[in-house]
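Read top to bottom, the protein sequences are chains P and W.
Counting from 1 along the first sequence, just add 8 to a position and that's the residue number in the numbering used here.
Counting from 1 along the second sequence, just add 8 to a position and that's the residue number in the numbering used here.
No lab work stands behind these hints: they were computed from the structure.
A few of these clues could be false.
Repeated chains share a single entry, so a pair holds when one copy, or any two copies, can fit it.
[To be verified] Taking lysine to aspartate or glutamate pairs in the DMTMM-like style, the calculated list, with each CA pair at most 20 Å apart, reads:
{"#": "1", "residue 1": "LYS313", "residue 2": "GLU48"}
{"#": "2", "residue 1": "LYS153", "residue 2": "GLU98"}
{"#": "3", "residue 1": "LYS153", "residue 2": "GLU25"}
{"#": "4", "residue 1": "LYS251", "residue 2": "GLU311"}
{"#": "5", "residue 1": "LYS238", "residue 2": "GLU48"}
{"#": "6", "residue 1": "LYS293", "residue 2": "GLU282"}
{"#": "7", "residue 1": "LYS277", "residue 2": "GLU266"}
{"#": "8", "residue 1": "LYS325", "residue 2": "GLU98"}
{"#": "9", "residue 1": "LYS153", "residue 2": "GLU35"}
{"#": "10", "residue 1": "LYS325", "residue 2": "GLU267"}
{"#": "11", "residue 1": "LYS104", "residue 2": "ASP91"}
{"#": "12", "residue 1": "LYS52", "residue 2": "GLU25"}
{"#": "13", "residue 1": "LYS304", "residue 2": "ASP37"}
Just so you know, these numbers come straight off a predicted model, no measurement behind them.
2 protein chains.
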Amino acid sequence: MDVLRYLQKKARAVESEIDRWLPKGLEPDILARATRHLIEAGGKRLRPCLVLAACEAVGGRAEDALETAAALELLHTFTLIHDDIMDRDELRRNVKTVHVLLGEPMAITAGDALFAKVFEATAANARRLGMGGARAVELFDAISKASFEICRGQALDMLLETRADVSEEEYLHMVGMKTGALMEASTKVGALLGNGKPEQLSALADYGRLIGMAFQIHDDMLDVAGEIEKFGKPIGSDIREGKRTLLVVRALATAPSEEKRRLLGVLGKREASEAEVQEAIDVLKRTGAIDYVNEKARRLVVEAKSKLDVLPDSDAKKALLELADFVVKREF
Amino acid sequence: MDVLRYLQKKARAVESEIDRWLPKGLEPDILARATRHLIEAGGKRLRPCLVLAACEAVGGRAEDALETAAALELLHTFTLIHDDIMDRDELRRNVKTVHVLLGEPMAITAGDALFAKVFEATAANARRLGMGGARAVELFDAISKASFEICRGQALDMLLETRADVSEEEYLHMVGMKTGALMEASTKVGALLGNGKPEQLSALADYGRLIGMAFQIHDDMLDVAGEIEKFGKPIGSDIREGKRTLLVVRALATAPSEEKRRLLGVLGKREASEAEVQEAIDVLKRTGAIDYVNEKARRLVVEAKSKLDVLPDSDAKKALLELADFVVKREF
Chain P
9 MDVLRYLQKK ARAVESEIDR WLPKGLEPDI LARATRHLIE AGGKRLRPCL
59 VLAACEAVGG RAEDALETAA ALELLHTFTL IHDDIMDRDE LRRNVKTVHV
109 LLGEPMAITA GDALFAKVFE ATAANARRLG MGGARAVELF DAISKASFEI
159 CRGQALDMLL ETRADVSEEE YLHMVGMKTG ALMEASTKVG ALLGNGKPEQ
209 LSALADYGRL IGMAFQIHDD MLDVAGEIEK FGKPIGSDIR EGKRTLLVVR
259 ALATAPSEEK RRLLGVLGKR EASEAEVQEA IDVLKRTGAI DYVNEKARRL
309 VVEAKSKLDV LPDSDAKKAL LELADFVVKR EF
Chain W
9 MDVLRYLQKK ARAVESEIDR WLPKGLEPDI LARATRHLIE AGGKRLRPCL
59 VLAACEAVGG RAEDALETAA ALELLHTFTL IHDDIMDRDE LRRNVKTVHV
109 LLGEPMAITA GDALFAKVFE ATAANARRLG MGGARAVELF DAISKASFEI
159 CRGQALDMLL ETRADVSEEE YLHMVGMKTG ALMEASTKVG ALLGNGKPEQ
209 LSALADYGRL IGMAFQIHDD MLDVAGEIEK FGKPIGSDIR EGKRTLLVVR
259 ALATAPSEEK RRLLGVLGKR EASEAEVQEA IDVLKRTGAI DYVNEKARRL
309 VVEAKSKLDV LPDSDAKKAL LELADFVVKR EF
């Protein structure tokens with residue numbers, strides 16, 4: 009598949025750029041290990057691909073966006089490390105999470121260090137291109153605003169966990185911040201670095217936010233219907249953590265009271281048995297929540313793709329269109 | 009005292025700027041509370057004062073550096089919130105720490121959110137001044153590099169806690185990163201925003217790093233010899249946490265083996281009694297470590313002040329000279 013090759017080529021360029029910002033020789037050694045651990049364990053490098061493809065899709069050169077592409081993977085990794093602490097998750101990408109491996113203090117510091125590097129790498133990008141002040145400021149502004157939105161989304165996610173009456177609208181608002189904001193920033197800064205026109209920036213930003221939301225909805229779905237080896241983390245974690253995913257929101261809104269009671273009995277029960285978690289998953293299946301959620305993600309992808317109509321045809325545009333489909337078809 | 013009035017005036021201007029970046033109406037409300045908690049509890053606003061005074065000391069206008077001055081207080085607050093989690097500290101500025109008040113997940117998120125705002129506020133400053141690309145990039149680069157150094161210092165601090173043979177050189181290296189880097193960045197970005205000459209930037213950066221190191225050494229000293237009401241946190245925390253402060257480093261290097269054994273017996277003992285902690289403090293006093301450390305801090309301040317010789321006389325320069333003295337005379 010041509011698009012896959014296109015993306016793989018992009019992802020390879022990003023790997024060495026990430027290495028440049030997180031060198032193995034970083035001192036102290038334990039910080040190098042802590043910051044590199046999840047990155048070395050794999051990952052789709054979806055956000056860097058979005059940066060580079062968006063840059064090319066507006067007529068820019070992917071090479072001109074490399075540091076920022078790497079930066080957004082660092083930003084993503086920082087959020088994963090801190091999220092894993094907060095959610096007390098022990099496995100990700102089929103390896104131990106950073107706090108389980110190196111302790112919570114080192115994991116907090118590693119996340120902070122990755123976050124700091126985001127802006128150093130971005131500064132290097134702006135310097136290399138000799139960007140003007142206004143555009144450089146726009147670049148930093150987009151990344152810092154997205155970072156803040158992620159935190160707001162994260163805080164809201166925690167608040168919703170304590171409620172049984174979360175609406176679909178509230179969920180989508182939360183997920184737009186928690187996951188949508190970073191994909192939106194990825195395509196936006198890519199377009200910015202490729203010198204895209206305002207309407208192209210805006211279209212790509214919308215596309216990014218929409219696929220980000222679809223990504224999270226599909227991720228929630230994999231948490232209950234995925235395979236652990238492919239998914240890289242235990243199935244049902246969201247249920248044990250009491251997360252108000254769209255699946256749960258939908259089931260709680262539509263299930264008969266008996267089913268609803270059964271689901272609420274397991275939601276947020278950290279020590280729930282496999283059988284109890286399976287029972288909760290069965291409720292989600294029986295109430296049609298899984299079908300509903302799949303359809304919702306699919307529609308977001310259709311909407312996201314339509315945003316790209318303003319772009320001229322190119323390999324990069326083709327890649328973005330296929331990436332949107334990939335987001336809701338992936339098994340990992 | 010004129011200088012105090014000068015600084016108080018500066019600090020007041022920063023308060024409303026901080027409010028602008030962390031509005032009380034921030035959604036969700038709990039994130040507003042978590043990010044504002046320590047800031048509302050007080051604090052010396054030392055870093056913003058350094059930014060504004062450095063800006064004026066090179067001939068700039070303090071108003072031109074306001075957003076960045078506020079940004080560096082946000083950056084400082086972020087490090088406090090995360091440090092308190094890592095050190096399991098329960099009190100700061102005479103109030104509960106954020107994780108004790110609102111739980112660890114919210115405290116981690118609040119720190120991250122503050123860190124994100126740092127760059128958003130800085131971007132706004134660069135935009136308002138219409139800064140050129142090269143200078144804007146330098147501004148972001150200085151702040152992100154300092155942030156990364158703080159994390160390196162923090163990681164190193166944790167590593168040193170496990171060793172009994174830490175040298176004074178290692179301690180100073182660590183503390184230069186953990187505390188020096190941010191004060192260095194404060195004076196450097198102030199000078200940058202005031203359009204200072206390269207040699208002025210460099211002198212002010214050196215001054216900042218040196219007073220930062222002196223600040224931390226004095227802070228270590230207050231932890232064993234201060235008064236809880238003024239210091240705002242329990243006396244002896246560093247001892248219970250096993251921190252390799254310069255006091256401890258010096259005592260372990262020079263104390264007779266009997267005294268050394270006594271000190272090591274209490275260091276890092278979380279559940280040590282008041283009497284045990286007092287015994288450790290007595291060892292530090294008997295071995296002359298406290299006098300040694302006070303002298304070391306005083307010398308760093310003398311060196312810091314000498315760096316300012318390149319600056320023309322001004323109220324701002326006078327304030328910076330007095331600030332340097334304040335750093336090792338303060339009781340809070």
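Now for the hints, and whether the structure bears them out:
1. Taking CA atoms no more than 20 Å apart as the test, LYS313 paired with GLU48 passes in neither setting, with 31 Å inside one copy and 46 Å between copies.
2. Taking identical chains as interchangeable, the C-alpha atoms of LYS153 and GLU98 are never at most 20 Å apart, the minima being 29 Å within one chain and 31 Å between chains.
3. With identical chains, the CA atoms of LYS153 and GLU25 are at most 20 Å apart between copies only, with a shortest distance of 18 Å across copies and 24 Å within one.
4. In the homo-oligomer, the alpha carbons of LYS251 and GLU311 never lie at most 20 Å apart, since the shortest distance is 26 Å inside one protomer and 55 Å across protomers.
5. Only within a single protomer do LYS238 and GLU48 lie at most 20 Å apart by alpha-carbon distance; the minimum there is 17 Å, versus 47 Å between protomers.
6. With identical chains, the CA atoms of LYS293 and GLU282 are at most 20 Å apart within one copy only, with a shortest distance of 16 Å there and 58 Å across copies.
7. Only within a single protomer do LYS277 and GLU266 lie at most 20 Å apart by alpha-carbon distance; the minimum there is 18 Å, versus 52 Å between protomers.
8. Proximity of LYS325 and GLU98 under a CA criterion of 20 Å is satisfied in neither setting, with 37 Å inside one chain copy and 53 Å between copies.
9. In this homomeric assembly, LYS153 and GLU35 come within 20 Å of each other (Cα to Cα) only across copies, at 14 Å, whereas the closest approach inside a single copy is 30 Å.
10. For the homomeric pair LYS325 and GLU267, neither the shortest alpha-carbon distance inside one copy (44 Å) nor that between copies (71 Å) is at most 20 Å.
11. In the homo-oligomer, the alpha carbons of LYS104 and ASP91 lie at most 20 Å apart inside one protomer (14 Å), although the nearest pairing across protomers, at 24 Å, exceeds that limit.
12. With identical chains, the CA atoms of LYS52 and GLU25 are at most 20 Å apart within one copy only, with a shortest distance of 15 Å there and 40 Å across copies.
13. Taking the closest pair of Cα atoms, LYS304 and ASP37 never come within 20 Å of each other, the shortest separation being 45 Å inside a single copy and 29 Å across copies.
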